[in-house]
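From first to last, the protein sequence lines stand for chains F and X.
Be aware that the first sequence starts at 206, since it is given in the numbering used here, and climbs by one per residue.
Be aware that the second sequence starts at 680, since it is given in the numbering used here, and climbs by one per residue.
It is worth saying that the hints were derived from the structure and are not from the lab.
All residues carry an ideal CB built from backbone N, CA and C; glycine is no exception.
One or more hints might be untrue.
Claimed, not checked - Just a sample of chain X residues kept apart from chain F, beta carbon distances all over 10 angstroms, derived:
#1 691
#2 725
#3 726
#4 729
#5 761
#6 776
#7 783
#8 813
#9 817
#10 848
#11 866
#12 903
#13 981
#14 984
Said to hold, decoys possible - The calculated lysine-lysine pairs, modelled on BS3-like cross-linking and capped at a C-alpha distance of 25 angstroms, are:
#15 F:435 to X:955
#16 F:435 to X:995
#17 X:706 to X:889
Claimed, not checked - Derived CB-CB ranges, DEER-like:
#18 X:984 to F:390: 49 to 57 angstroms
#19 X:871 to F:227: 46 to 54 angstroms
#20 X:889 to F:312: 29 to 37 angstroms
#21 F:423 to X:824: 14 to 22 angstroms
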Amino acid sequence: MKVLVTVKRVPDPYAKISPNADGTDIAREGLTMAVNPFDEIALEEAIRLKEAGKATEIVAVSIGGAESQEQLRTALAMGADRAILVQTEEPLDPPSIARLLAAIVQREQPQLILMGKQAIDMDDNQVGQMLAAILNLPQATFASKITIEDSTATVERETDNGIETIRVPLPAVITADLRLNEPRYVALTGIVRARTKPLETLTPADLGITPKARVRLKKVEKPPARQAGKRVADVKELVRLLKEEARVI
Amino acid sequence: MKILIVAETDGSRVSEKTLPAIAFAQKIAPNDFHILAVGSSLQNLELLTGYGAQTVWVADDPRLAKPLAERYAPVIAHLARQIGADLIASTTTTFSRDTLARAAGLLDAPMLSDITALESLNGTLIARRPIYSANLIGTFEVEGTPVVLTVRGPAWGKPEPKEGASPIQNAELPAEIPTRSEWLSLQGSSGGRPDLTQARVVVSGGRPLKDPQTFEKYIGGLADVLGGAVGATRAAVDAGIAPNELQVGQTGKTVAPELYIAVAISGSVQHLAGMKDSRVIVAINIDPEAPIFQVADYGLVADLYEVVPQLIEELKNARG
C-alpha cells in the first residue's frame, strides 16, 4: 500500500506571532519554521503503518516556495521514502491546494492519503475534505485511531459529541487529530539518510493547473485584549460580586 | 444575497448548535434565508421553523440516518445549486467542518471557517476570523459566489424568534448518494449536563485535579450547583482526568458562556483561545502569578480543595 502524506511549512507552534508593520501579514523575519504539527502526526501514522508491514511506500508532498524543501527533508528524515514539492510563490487558498493535491494523487495513485486535520497558521481545516470531494473518495476526518484491514480503514474520530467510529474502504482521505499518536524525534541516521532520498520538484504548470486564490488575506491584527479584573479575598466576597455586580448567578 | 443554513443533526435530531448560524442569517439576509436539515425521520424540526426562514428544507432518507460527510455533502450541494444559494453556512462544529468543507469541494466554492464578522463591500465579501490559534484576527476578501462558511457560535449568539412558522418542504435528493462510508458507533459522555458549547455556565478544571473522581467531585459538583457544563484543559485531558470532548481551547472547543469558572487552570495561550470571549471569567488558582488572572474578572488566589467546597455551599445557600 502506497501512502501519500501532506506536509505544510508553518511557523513553529511555540513561536510568538505578531502582525507586521503595515498589518498585511504576520512579521516573518527571524521566524522559526516547522512542519505543521498535525501533518507530523499524519506522517508518524504512515511510518507506523510501514513498520507494521501495512504500508510499502510513503510519499511526502508539499506545496509552497523553494524553502518548503526543508520541511520535506524533515519528513524524509522521519521516515518518508521520497518527496514531491509543488513549487509556487503564489498565495493559495484551500480549494486551489486541493486541486494541486488531486493532480498529485492522480499521478501517484496512493491507497491512502494521510493529512493533518488543519494547518496551525490559517486554521482552515478544509483541504482534506475538499480533496476527498474532488477525487470522489471517502473521508474520515479528525482521526484519533486508525485500523487498516483488508483495504478498509476503521477510524475513531474526535467529534464534539464524543468518539465516533466509522469504516471507509480504501482509497480514502484520512485527516489526523492531536491524539492519533506522538510523533518521533528525528534520529541523526535519519537526517543522513534523508540527503540521498529523492526530492522531486514540480510546478503547477507541470500538473496542468493555473492556481488562483479566491480567498485573500488583507489584514492581520491582534484581538482586543481583555482587562484583568479584581482579586477577591474569599468565597463570600466572590459570591456577592457574582450576584450583585456581575449579575450572573 | 440568498443564504442556505445547514442545520446540525445527528441524523435523527436537530441540534441547538444550529441556532448561532440562524442568528447569522437573520443578520446578513433577514428576508432571504433557507434552512436545510438532513437525516432520517427527523424528530424536532420545530426547532428551526420559528425564526423567519423562507423555507425549512428536509432531506429525509434512510441512507442519511447517520451524519456521514460523504453522504450529507452531495445533498447539501444539490439543494444549494437548486435554490441558487450565495452563502452556505453552519455553526462551527466538528459536524460542519467535516461536512461543509466537503460540500465546498463538490461545489468548487471557496470557504471561510469560523467567521466572526461578514460584510459586503461593492460586491466583494469581507470576513473576519481568528487565525494562528486565535492569537490574531485576519480580515479576508472573497471573490465570487457561492461561498461556504462556518460561523463562530459565540460571535453570533442566539436568533430572534419570529411570528408565524416557516413552511417545511421536502428537498430533492441528488441522483447519487455514495454509501461507501459506514457509521459504526458514538461514545459520548455528557452525563446529562448541558452541552459545553451551549451552556450558560461552564466550570473547567486543570491538571491539578489529580484523577477522574476528584475532577468529577469538585468540577462536576460546582457545575451541577450552577446548572452548568463541565470543561477541561488539554493537560487534564491528556492526563486522563477528563474525556477528550470536554477540552476547551485551541485544539478543543470554543465556548463563550455568561459565566466561566476556571479552577486550577494556569491559563495557557491555547486554553485562553477557547474561552476568552466568555462574559464573566472567574479564576481560582493557588499561584498568584498564573496568567489566567490577567483575563479574569474575578480572581481568587486559593487552594481549590479548600474553596470549591465552600463555593458549592455558598451557592446552595444563595439559591435558598
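Results for each hint:
no.: 1; hint: 691; result: holds (13 angstroms)
no.: 2; hint: 725; result: holds (22 angstroms)
no.: 3; hint: 726; result: holds (17 angstroms)
no.: 4; hint: 729; result: holds (24 angstroms)
no.: 5; hint: 761; result: holds (18 angstroms)
no.: 6; hint: 776; result: violated (5 angstroms)
no.: 7; hint: 783; result: violated (6 angstroms)
no.: 8; hint: 813; result: violated (7 angstroms)
no.: 9; hint: 817; result: violated (5 angstroms)
no.: 10; hint: 848; result: holds (26 angstroms)
no.: 11; hint: 866; result: violated (5 angstroms)
no.: 12; hint: 903; result: holds (14 angstroms)
no.: 13; hint: 981; result: violated (8 angstroms)
no.: 14; hint: 984; result: holds (13 angstroms)
no.: 15; hint: F:435 to X:955; result: holds (16 angstroms)
no.: 16; hint: F:435 to X:995; result: holds (24 angstroms)
no.: 17; hint: X:706 to X:889; result: violated (45 angstroms)
no.: 18; hint: X:984 to F:390: 49 to 57 angstroms; result: violated (38 angstroms)
no.: 19; hint: X:871 to F:227: 46 to 54 angstroms; result: holds (52 angstroms)
no.: 20; hint: X:889 to F:312: 29 to 37 angstroms; result: violated (53 angstroms)
no.: 21; hint: F:423 to X:824: 14 to 22 angstroms; result: holds (18 angstroms)
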